[in-house]
Amino acid sequence: MRKITRLAPLALVAALALTSCSAPAASDEAVTEDSQASISYAIWDENQVPALEANIAAFNEIYPNIEVKIDITPWAQYWTKLQTQASGDTLPDVFWMNGPNFQLYAANDQLEPMTNLIDDGTVDPANYVEVLNDLYSFNDQQYGMPKDFDTVALWYNKVILAEAGVDIPDDTWTWEDFATAAKTVSDTLADQGIYGVATGLTGGQEGYYNTILQAGGSILSEDGTTSGYDDPKTIKGLQFWADLIADGSSPSLQQLSDTPHNAWFTSSKTAFFWSGTWSVAELAAASNTLDLNVAPLPQDEKQATVIHGLANVVSAGSENKSAAQAFQAYLGTEEAQTLQAEMGAANPAFIGAGQAFLDSVEHFDLEVFIDEADNYAYPFPVSKDTAAWTTIENELLPQAFSGTRTVEDVANELATRMNKALAAE
Amino acid sequence: MTLRTGSTVGESRAPVDRPVPVSARPPKKQTSFDGYWPWLFVLPTLLGVLGFYIWPIVQTGYLSFTETGPFGGEEFVGLDNYQTMLADGNVGQALINTLIYTVIVLAGIPIALLMANLVNQPGLRFASFYRVLFFMPYIAMPTAVALVWRMIYNGDFGILNWMLSLVGIDGPYWTSTPGFAIVSVGIVGMWASLGFGIIILGAALKNISPEYYEAAQLDGATTWKQFTSITVPLVTPSLFFVTIISVINGFQLFDLLYAIMGQYNPALVQSQSLVYIFYNQAFIQNDKGYAAAIGMLILVVIGIVTFFQFQMQKKWVNYV
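For the record, the sequence lines run as chains L and A.
For the first sequence, the numbering used here gives the first residue as 2, with consecutive numbering after it.
For the second sequence, the numbering used here gives the first residue as 576, with consecutive numbering after it.
One chain only, chain A, in its complex shape (with noise of 0.2 Å):
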């Protein structure tokens, strides 16, 4: 639950800014020196940024270029294990189960929102008790979700065919068999991080004025017309916000795939993501060097996704 690349991307304002007052003048492009002191202020935060997160970054870049034995000691090597990349299959079809589970996990944002609007209703009652309801998977342990969804799957004892075969459909085995498998993680992802977004979506409902809605009424817009007018325009910049978050945790898929599919799965191998192949060959084939390479490939996959996200911005968020 980082923005951690939110730095590396550079946009000016961050995406929950709050709107900037009108003024006679257009805002000019600050020039005076603050003096030390801001930076004071931030210092230990930017001591943490730079020494877990940027020097890091910046290690992993190097050792992408090297050959790194079990107990260290590199040897330069050039571009070589961007090459061993690039004629890997498996990074290929990593990628791509990546982008299946992310785009999973995003489908569950508008499902989200209908469900934050549901819970801020005026006047329901339990309200409270609802959105810690909701909220509660996403502050579960993966490894807790995945034990309970592991069961839920289960292909011979699992409740989930007991209820397919009750309607007389004969469900496959869901984590085990190529393709399913990275859905049926996808799935539980989804369902675990559908509290977040009800949080993030709830808040940005509240602040909208109910005089919109008051004079919408007057108008005679319907439900319906008032959701798609004024609800979801007004909440776009959450919106853009959780849609940043999901995609960053999206490719950063790791303990649910492990615990769900678990160790002796025969479609393991075509159900990896990235950060599971970074794992696998940084501690289990300790080529720490490769996995370095992967490493920085998953960084600039989510770089670029996210460098367009903040382009398209434009197109569909709205700050007041």
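This is chain L alone, in the form it adopts within the complex (with noise of 0.2 Å):
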């Protein structure tokens, strides 16, 4: 033991030898098998980590002397501290980023465009869900490599809808067809205290993104210029949720905050439950999870989701460059994409590689995410300043979802100062 502690800084000054004489040489040159380096990787899910090394382990076959060392930080201190990272010139080499946040980054020269990837073709775009590589390209480059994706869904109780009497829903599911089923359970088993339906309405993924899209509206106009939330069609797409909990076929936003809508979804307190690909993991591993399955989401004027992806992206600034564009290259390929939906990380972005995605939960029918992702997927709505909008969605939408304003009047101030906040942009 002794020994050992005195040699550590032999070995210390050692490694830093190595590193110091290998880092230049593996930074502007082409990548090959004997490059040597060290390069990060930063990330936010745990729940990934043993499919990555997985992955890591794979690219360590091809280049075995680069180094990737995983960084994980939670979520909740993830963008804070790449932001940071950002400001002093050291981010990680490689890191996750997602559709929100990608403007922001491009725009302000922090993220390594793909281009020479493309160019030499070691990375073919259209093996990927299109609506990803556009969620990822700035300026007609593209800069971040799709690595999952995921759509919404209607997740359903079916023991609570043949208590209720109410039909499975299918793909011919209108909202009207929704409206009555969910009015039907609440008002048949509110004695046991059971809802129609919870969804997440803070942020509009889970929920009025999708409805707003299926009415005709939009959230954001294409060229992300101008706020969509004046459009009557998009303010149909809000009063469905907020006619929802006016009738009681919802818990109330109160209700939805005490207790949060995945947690009355997994203890049989509600039959329907607006979620997506993100949701199979906790579903499956749910106390009720043989009771539940999934179906398309209802349509109105057309049949509609957001899909939403997360992308793995090199720093402009890294100084092991090229390593880390062939980590992010290997991290494309079908065989890593396979291996992550094999071991239930995510459903890959790769077209083609999630059928083990599929095969994941045997009893829910996860083939609806990839029909949809296929079919009528709309992206994720952003702007090189996302965060500046979806605060004020935030600030303002509860009041039209509880019925304290009229849907119309807050809808018109949330295009009036998201239209602001878009020209400050």
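One or more of the hints may lead you astray.
Unchecked claim - Selected chain A positions facing chain L (Cβ under 10 Å, derived; list incomplete): (1) Leu661; (2) Asn665; (3) Pro712; (4) Tyr728; (5) Ser751; (6) Gly754; (7) Thr798; (8) Leu843; (9) Ile859; (10) Gln860; (11) Asn861.
Said to hold, decoys possible - The following label-pair restraints were derived from C-beta to C-beta distances: (12) L:Asn109 x A:Leu654: 43 to 53 Å; (13) A:Leu654 x L:Ile119: 43 to 53 Å; (14) L:Ser288 x A:Arg700: 43 to 53 Å; (15) A:Val707 x L:Ser288: 23 to 33 Å; (16) A:Leu735 x L:Asn48: 29 to 39 Å; (17) A:Phe627 x L:Asn48: 51 to 61 Å; (18) L:Ser222 x A:Tyr637: 30 to 40 Å; (19) A:Gln884 x L:Gly404: 53 to 63 Å.
Stated by the list, open to error - If you want a taste of the chain L side facing chain A, the calculated C-beta under 10 Å gives, among others: (20) Ala87; (21) Asp110; (22) Phe139; (23) Gln193; (24) Gly194; (25) Ile195; (26) Asp248; (27) Pro252; (28) Leu257; (29) Val383; (30) Ala389; (31) Thr391; (32) Asn395; (33) Thr405.
If you are wondering where the hints come from, they were derived from the structure by calculation, not from laboratory data.
Built from N, CA and C at the ideal position, the CB exists for glycine as well.
Two chains, two frames, a set of hints: combine them into the complex.
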């Protein structure tokens, strides 16, 4: 023991000497099997570490001397930390990026474009869900290697539906079918404290973004410069939720704040739950999991769901850029993404690699999520400073959903303030 | 738990100072130079204070006059941020909420004094056990405390509303009704800081000479009379100290509020504290210049309140 501690400083010096010699060699030249480098990989989801470690092990079979260190920061601190690192030019070499934050980093020259990887054929964007390529492109350059994707569908509890005498939902359901079913459950099973539907209404991804699109409205104009909230169709999409709460089909906002929407569903206190791919693991582990299944979202003017996914990006200031890009490209390969799916970590963005994800929970019809992505998925709305207007959404929309103001009134105020925020970008 | 603003007030005498022995001559202001040694002794602390408190305050002051991008790169905009702040109704609401919270926490100090008195009864068995018990909430992680209270306050399934329902009261949604929410958070804050008051005031009680009580008993004073005429005046220096600390902690309300209210709370906008708005502007909305202006507002408000507390101490604090 003693000997080791005495030798430790020596080993450290040796290691430093090694890295300092090898770093320049790997920095600008093309990466080869012999390239030596140490790169950091920042993520926020601890559950995905085993799958990513398996990815790294396979990556090291090709590049045995590139060491990849995973750096986990919990979601709550991830963006704060990343921004501090960006301000100090110490961003991790490779890191996870999401839609709402992407343009902020790309526009401020923090990310390395993938142009060289695409030009030399290492990466073929056609292999990935197109909406995701668009999501991670800025000024006609792609920066992010799509990692996975999530769409939103209608989860239901078949035991509760049977008890209330309501049919199981299918792909023909309209808003009306859904609203009637939810109301019937609330009315029939009121004495057990069971409601029709519970959905997260802070942030639109699970609930109102989908209904806005289904009604034919929009959250953000296509060029990302004006708000869609003053469009009557958008207002209709918001009204849908205000009505569900007003007629008792859904718990009130206060109830949803005290007991979060997923807890209502996993405790068999609601029949329906609008949520995405990310809920699969939680619902598969829930005590009532065998009662649950998933169906397409109900439709209004059209079928629609928002689609969002993560991407792996490389820091523009990385000192081992070629090694980092090699790792970024590897994470996009069919092999790497299939492994992710097999280990149940995520639903891969590589088209056709998702079979393993579908098979991961046998009693859920998970094809629904893939069908939606293929046929009627709309990109998650983002602009250069997405957080500036999502904060306004979260400030104003509760007043509409709780009925303290009319939906139209709130939506118009939201549109005005959102346009101001967009103009400031 | 820092006396951060103590230094900004510039008061010569710390509140917990021991009394100065009375000498024949009135104490003269010291003018002789003690050499550099004392400075050397305080240097480690001084460096820390300068590097981690004073310098950031100066920087924040500078940032509050700029528009700062998410990745740095500031641009001087003069008083723009302060103008925005004056026009921002949320900041006014947050100031009121912060005051409500602080007042509730302050209301816990008399309770702490009573409890300290009870715990310090001579001959009480398990006295130190009680002291530990009362002090525990103070050292527990605020988020852990908040999680437990979230369950107690839960409108549909919480134990508080269940107990109220037994006596026929239909309890509200404590943490998600505007108005109720900040009071609910305040009650938790008061409960969590009781232990601190009990420990400090308990120590002060122990320093009171038993001879005073013996003399009072001989004169026929009741227990209550002894408490109000001997105990309270003699612990005023400690009461003053606890008050200062509680006010400063009250104005820095963030973690309890953040953890108890959660992110899905419809009453959040009406229940924000000043530090909550600061956090939201700095780290969610990326408007660090504006956030710095709010930070300066918090500093100034705490400074003013603490200054007046020190002014008023002459009226009620007795340094034997």
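So which hints don't hold here, by number, going up? 1, 3, 6, 7, 12, 15, 17, 19, 22, 23, 25, 26, 29
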